[in-house]
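Engineer: Model the full assembly from the supplied sequences, consistent with the hints where possible.
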Amino acid sequence: MTEQFEPIIIGFTCNWCSYRAADLAGTARLKYPPNIRLIRMMCSGRMDPTFILKALSEGADGILLTGCHPGECHYLEQNYKALRRYLMLRRTLPQFGIEAKRVKLVWASAAEGVRLAREITTFVEEIRALGPLNWKDSRAYNNGYGVAEVEVSTEVPA
Amino acid sequence: MSAAPKSEKERVGVYVCHCGTNIAGIVDVEDVALWAKKELGDDGVVISRDYKFMCSSLGQELIEHDIEIEGLTRVVVAACSPHLHEATFRGACDRAGLNPYLCEMVSIREQVSWVTTDKVKATAKAKAMVASGVERVIHNEPLDRMYVPVHPDTLVVGGGIAGIQATLEISNSGNKVYLVEREPSIGGHMAQFDKTFPTLDCAACILTPRMVDVGNQPNVELYTWSEVERVDGYVGNFTVTIRKKARYIVEADCTGCGICWEKCPKKVIDDVFEAGLGYRKAVYTPFAQAVPKYPVIDTETCIYFQNGKCRACEKFCPTDAIDFNQEDEFITVTVGNIILATGYDTFDARRIPQYGYGRLANVFTSIEFERMCNAAGPTDGEIVMRDGVTKPKSVGIVHCVGSRDNRYNSYCSVICCMSSLKFAHVVKERTDAEVYEFYIDMRTAYKDYDEFYQRVLEEGTHFIRGKVAEITDAARQPGEEGKLIIQAEDTLISRQRRIPVDMVILSTALEPRPDSKEVGHKFGISCSANGWFIEKHPKLDPVATMTEGIFIAGAVQGPKDIPTSVAQGAAAAARVLCHIGQEQIELEPVRASVNADKCSGCRICNDLCPFNAILFHEDLMVTEINQALCQGCGTCVAACPAGAITGSGFTNNQIMAQIEGMLMFSESNGMTRVAEPVAA
Numbered sequence: 001m002t003e004q005f006e007p008i009i010i011g012f013t014c015n016w017c018s019y020r021a022a023d024l025a026g027t028a029r030l031k032y033p034p035n036i037r038l039i040r041m042m043c044s045g046r047m048d049p050t051f052i053l054k055a056l057s058e059g060a061d062g063i064l065l066t067g068c069h070p071g072e073c074h075y076l077e078q079n080y081k082a083l084r085r086y087l088m089l090r091r092t093l094p095q096f097g098i099e100a101k102r103v104k105l106v107w108a109s110a111a112e113g114v115r116l117a118r119e120i121t122t123f124v125e126e127i128r129a130l131g132p133l134n135w136k137d138s139r140a141y142n143n144g145y146g147v148a149e150v151e152v153s154t155e156v157p158a
Numbered sequence: 159m160s161a162a163p164k165s166e167k168e169r170v171g172v173y174v175c176h177c178g179t180n181i182a183g184i185v186d187v188e189d190v191a192l193w194a195k196k197e198l199g200d201d202g203v204v205i206s207r208d209y210k211f212m213c214s215s216l217g218q219e220l221i222e223h224d225i226e227i228e229g230l231t232r233v234v235v236a237a238c239s240p241h242l243h244e245a246t247f248r249g250a251c252d253r254a255g256l257n258p259y260l261c262e263m264v265s266i267r268e269q270v271s272w273v274t275t276d277k278v279k280a281t282a283k284a285k286a287m288v289a290s291g292v293e294r295v296i297h298n299e300p301l302d303r304m305y306v307p308v309h310p311d312t313l314v315v316g317g318g319i320a321g322i323q324a325t326l327e328i329s330n331s332g333n334k335v336y337l338v339e340r341e342p343s344i345g346g347h348m349a350q351f352d353k354t355f356p357t358l359d360c361a362a363c364i365l366t367p368r369m370v371d372v373g374n375q376p377n378v379e380l381y382t383w384s385e386v387e388r389v390d391g392y393v394g395n396f397t398v399t400i401r402k403k404a405r406y407i408v409e410a411d412c413t414g415c416g417i418c419w420e421k422c423p424k425k426v427i428d429d430v431f432e433a434g435l436g437y438r439k440a441v442y443t444p445f446a447q448a449v450p451k452y453p454v455i456d457t458e459t460c461i462y463f464q465n466g467k468c469r470a471c472e473k474f475c476p477t478d479a480i481d482f483n484q485e486d487e488f489i490t491v492t493v494g495n496i497i498l499a500t501g502y503d504t505f506d507a508r509r510i511p512q513y514g515y516g517r518l519a520n521v522f523t524s525i526e527f528e529r530m531c532n533a534a535g536p537t538d539g540e541i542v543m544r545d546g547v548t549k550p551k552s553v554g555i556v557h558c559v560g561s562r563d564n565r566y567n568s569y570c571s572v573i574c575c576m577s578s579l580k581f582a583h584v585v586k587e588r589t590d591a592e593v594y595e596f597y598i599d600m601r602t603a604y605k606d607y608d609e610f611y612q613r614v615l616e617e618g619t620h621f622i623r624g625k626v627a628e629i630t631d632a633a634r635q636p637g638e639e640g641k642l643i644i645q646a647e648d649t650l651i652s653r654q655r656r657i658p659v660d661m662v663i664l665s666t667a668l669e670p671r672p673d674s675k676e677v678g679h680k681f682g683i684s685c686s687a688n689g690w691f692i693e694k695h696p697k698l699d700p701v702a703t704m705t706e707g708i709f710i711a712g713a714v715q716g717p718k719d720i721p722t723s724v725a726q727g728a729a730a731a732a733r734v735l736c737h738i739g740q741e742q743i744e745l746e747p748v749r750a751s752v753n754a755d756k757c758s759g760c761r762i763c764n765d766l767c768p769f770n771a772i773l774f775h776e777d778l779m780v781t782e783i784n785q786a787l788c789q790g791c792g793t794c795v796a797a798c799p800a801g802a803i804t805g806s807g808f809t810n811n812q813i814m815a816q817i818e819g820m821l822m823f824s825e826s827n828g829m830t831r832v833a834e835p836v837a838a
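The listed protein sequences derive, respectively, from chains W and E.
First residue of the first sequence? That's 1 in this note's numbering, and the numbers climb one at a time after it.
First residue of the second sequence? That's 159 in this note's numbering, and the numbers climb one at a time after it.
Derived from the structure by calculation, the hints contain no laboratory data.
Quantities reported herein were computed from a predicted structural model and do not represent experimental measurements.
Note that the Cβ used here is the ideal one computed from N, Cα and C, for glycine as well.
Hints are supplied without guarantee of correctness; some may be wrong.
Straight-line C-alpha distance at most 27 Å; calculated DSS-like pairs for lysine-lysine [to be verified]: (1) LYS279/E with LYS104/W; (2) LYS467/E with LYS402/E; (3) LYS473/E with LYS425/E; (4) LYS210/E with LYS196/E; (5) LYS195/E with LYS167/E; (6) LYS403/E with LYS451/E; (7) LYS279/E with LYS101/W; (8) LYS403/E with LYS334/E; (9) LYS195/E with LYS279/E; (10) LYS31/W with LYS279/E; (11) LYS421/E with LYS451/E; (12) LYS136/W with LYS101/W; (13) LYS680/E with LYS697/E; (14) LYS31/W with LYS694/E; (15) LYS277/E with LYS31/W; (16) LYS402/E with LYS424/E; (17) LYS279/E with LYS136/W; (18) LYS680/E with LYS694/E; (19) LYS402/E with LYS675/E; (20) LYS586/E with LYS551/E; (21) LYS451/E with LYS551/E; (22) LYS421/E with LYS403/E; (23) LYS210/E with LYS31/W; (24) LYS425/E with LYS403/E; (25) LYS424/E with LYS334/E; (26) LYS136/W with LYS196/E; (27) LYS31/W with LYS697/E.
Partial pick of chain W residues on the chain E-facing surface, computed with a CB cut under 10 Å [stated by the list, open to error]: (28) ARG20; (29) THR27; (30) LEU38; (31) MET42; (32) ARG46; (33) CYS68; (34) HIS74; (35) ALA110; (36) GLU125; (37) ALA129; (38) GLY131.
Structural biologist: Next up, the structure:
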């Protein structure tokens with residue numbers, strides 16, 4: 001039997017909703033796969049798309065973005081800005097040869113520990129089905145035409 | 159963009175908490191601590207310890223000791239969620255002379271041990287998270303605590319019992335309160351009620367003295383028939399614009415004598431206070447004990463405003479207090495704190511057509527019945543059918559109308575069981591009618607509530623456990639003619655029953671105000687999916703919100719009865735008085751700032767801030783962020799193409815390093831460092 005692929009997923013969470021949902025999932029002793037590692041930000045609006053490219057280029061197989069439900073943002077409407085950046089990134093990723101499905105946006109309020117745990121479980125399986133990304137290894141073969149260039153290209157020309 | 163080069167100078171201490179067996183039962187904490195020292199030594203980890211309870215005073219002293227003796231410059235605590243103990247460990251660092259923001263927490267309890275079953279994988283995940291914490295903390299910068307002064311005045315929005323209580327508590331302490339109420343009088347829903355459960359004391363008798371106190375308290379500035387138009391600023395210093403709608407009455411001259419509404423020839427149905435059962439005039443106060451005593455003219459029904467004729471009130475007013483040319487006034491006030499107590503609305507029973515409300519005359523809602531019972535109400539307290547004279551021989555009371563039903567509201571409205579029991583008692587007291595209560599579950603928690611239920615049981619009310627399917631006037635059996643038939647399954651005897659009655663009372667759900675989302679947006683707080691405002695913590699912080707300086711009280715947070723609303727009003731007042739007493743409030747120094755040298759003046763960030771904290775200097779072509787207005791979300795930081803904006807506490811360097819830390823060890827190789835790819 002071949003060993004099952006264990007993806008590594010980085011989750012970006014909002015301090016006010018999804019990070020608290022993760023706290024709640026813990027307090028309620030809900031179980032979800034350990035493949036995800038969460039990073040706390042003050043708001044999903046803090047999400048710089050380069051963070052996602054950085055994580056993918058450092059070896060992550062998938063990225064889960066989480067924020068407050070539309071209309072419930074702690075900072076009023078910054079989750080809409082996160083949504084805009086997410087949609088833009090989904091269109092950009094295939095141009096790097098990365099499946100758009102590797103990045104997913106999920107809304108989870110502070111009360112939705114169950115929902116967050118379920119979304120994480122589903123996403124881990126989705127990424128497991130896609131297989132490893134190996135962007136980090138592939139950039140070694142690219143003789144420098146790799147991530148450094150990619151990251152520069154995401155910046156808006158002055 | 160990659161993380162800045164790591165400093166060689168930092169001395170990092172890693173502390174792995176057992177939390178008894180909460181963490182240690184799943185994560186091999188000793189292994190994590192040993193591993194961190196070995197694998198992260200190059201990154202600056204000089205001390206790595208595990209300890210039974212890091213949050214205990216001995217655990218904290220461990221950190222303090224290491225800072226003082228071993229010269230730690232950074233601290234990572236792998237334990238519970240930072241929302242629980244970040245302040246604890248920052249405090250320990252502070253006491254030992256280390257800037258508290260050089261301490262980082264890693265949540266290996268909520269995010270690892272409690273949610274993972276596989277011990278090996280849990281330990282590996284904990285290691286990855288400790289690594290990310292270490293990488294991040296190296297890039298942490300010492301931050302100064304921010305303090306803002308607190309303006310001693312308070313705004314209370316909503317003059318129901320919760321808002322009244324909050325207003326009295328604060329104003330009696332000697333501080334000024336602006337109380338804003340949308341209706342012409344304070345009093346809220348409680349003023350409409352006849353009796354209050356379970357003591358059956360009359361609502362007006364206990365409420366109106368408090369309303370008078372509000373009116374007489376010199377520290378209260380009362381704005382009725384007014385709404386909050388705009389809120390700017392932040393905790394300690396909000397600027398609020400109040401729209402004082404034109405009453406067309408000169409308050410300084412009006413004595414509240416009542417001649418105007420006596421003489422007013424226009425009688426209209428009162429949909430608000432009398433719930434459509436009674437009448438008022440076009441110039442009116444909602445009820446006799448209204449505070450303030452001044453009436454308002456309803457321009458939609460006033461003959462003068464509609465046809466340009468009449469002016470009867472003006473003619474008869476003994477003090478010339480009528481002014482048809484009055485216009486809305488805008489008043490701007492500065493307050494340090496805001497309490498929202500805007501209450502609830504009741505469910506529109508027409509949304510359940512099979513219950514017949516609005517179609518079958520003798521189906522009433524609970525609020526209509528409250529007005530009917532009230533001695534000052536449209537029927538002078540007589541319980542009569544819609545014709546206004548006939549007393550019912552039998553009454554059916556239906557619980558959970560619009561509550562506990564996934565089609566409408568999934569939540570329990572809390573008060574309906576008790577108010578339905580109160581109705582049963584009142585009907586029995588004032589008529590000879592048989593009373594049938596249809597309930598799903600009887601919820602009579604809290605002091606003396608269940609005793610009241612027992613009392614109503616003994617009075618001979620019939621209780622049928624089952625959800626009502628239909629209320630109809632279509633008779634099928636003898637004895638049903640001319641009656642309303644309530645069809646329900648009696649789940650205690652597993653049979654369908656048809657109960658013919660003369661009158662039905664629907665105990666309608668409590669719902670959030672239809673404009674709660676907009677109000678939340680105006681004040682910068684959020685609503686749950688149902689539309690109730692969200693408290694900061696459901697158990698430990700029920701009247702605070704996620705926005706500093708904005709508090710909630712009463713049914714605006716969720717359905718609740720009068721005692722709880724009063725308690726919350728007082729609780730919110732206590733929180734506000736605590737702020738006022740401190741004179742200044744500490745804020746998290748998580749703020750964005752612009753490096754003017756790097757700013758290209760592109761203005762991309764300018765439209766992103768919902769708090770108007772970003773301003774653009776046309777002359778210098780650079781953007782500046784007002785530190786006092788910035789809430790620290792970081793949206794502008796992420797948007798800046800020049801990297802000119804720094805978000806303190808969550809800088810690009812910190813987050814990039816955190817990402818690197820999470821991915822720099824390979825799980826498949828037993829958490830050893832991943833080789834850097836070699837670029838030729």
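Engineer: Work down the list of hints and note, for each, if the structure agrees.
Structural biologist: Taking the hints in turn, this is what the structure says about them:
no. : hint                   : in the structure
1   : LYS279/E with LYS104/W : holds (24 Å)
2   : LYS467/E with LYS402/E : holds (26 Å)
3   : LYS473/E with LYS425/E : holds (18 Å)
4   : LYS210/E with LYS196/E : holds (21 Å)
5   : LYS195/E with LYS167/E : holds (16 Å)
6   : LYS403/E with LYS451/E : holds (16 Å)
7   : LYS279/E with LYS101/W : holds (25 Å)
8   : LYS403/E with LYS334/E : holds (22 Å)
9   : LYS195/E with LYS279/E : holds (20 Å)
10  : LYS31/W with LYS279/E  : holds (13 Å)
11  : LYS421/E with LYS451/E : holds (17 Å)
12  : LYS136/W with LYS101/W : holds (18 Å)
13  : LYS680/E with LYS697/E : holds (25 Å)
14  : LYS31/W with LYS694/E  : holds (25 Å)
15  : LYS277/E with LYS31/W  : holds (13 Å)
16  : LYS402/E with LYS424/E : holds (24 Å)
17  : LYS279/E with LYS136/W : holds (22 Å)
18  : LYS680/E with LYS694/E : holds (18 Å)
19  : LYS402/E with LYS675/E : holds (22 Å)
20  : LYS586/E with LYS551/E : holds (10 Å)
21  : LYS451/E with LYS551/E : violated (40 Å)
22  : LYS421/E with LYS403/E : holds (23 Å)
23  : LYS210/E with LYS31/W  : holds (24 Å)
24  : LYS425/E with LYS403/E : holds (22 Å)
25  : LYS424/E with LYS334/E : violated (39 Å)
26  : LYS136/W with LYS196/E : holds (25 Å)
27  : LYS31/W with LYS697/E  : holds (24 Å)
28  : ARG20                  : holds (7 Å)
29  : THR27                  : holds (7 Å)
30  : LEU38                  : holds (6 Å)
31  : MET42                  : holds (5 Å)
32  : ARG46                  : holds (3 Å)
33  : CYS68                  : holds (7 Å)
34  : HIS74                  : holds (5 Å)
35  : ALA110                 : holds (7 Å)
36  : GLU125                 : violated (16 Å)
37  : ALA129                 : violated (19 Å)
38  : GLY131                 : violated (15 Å)
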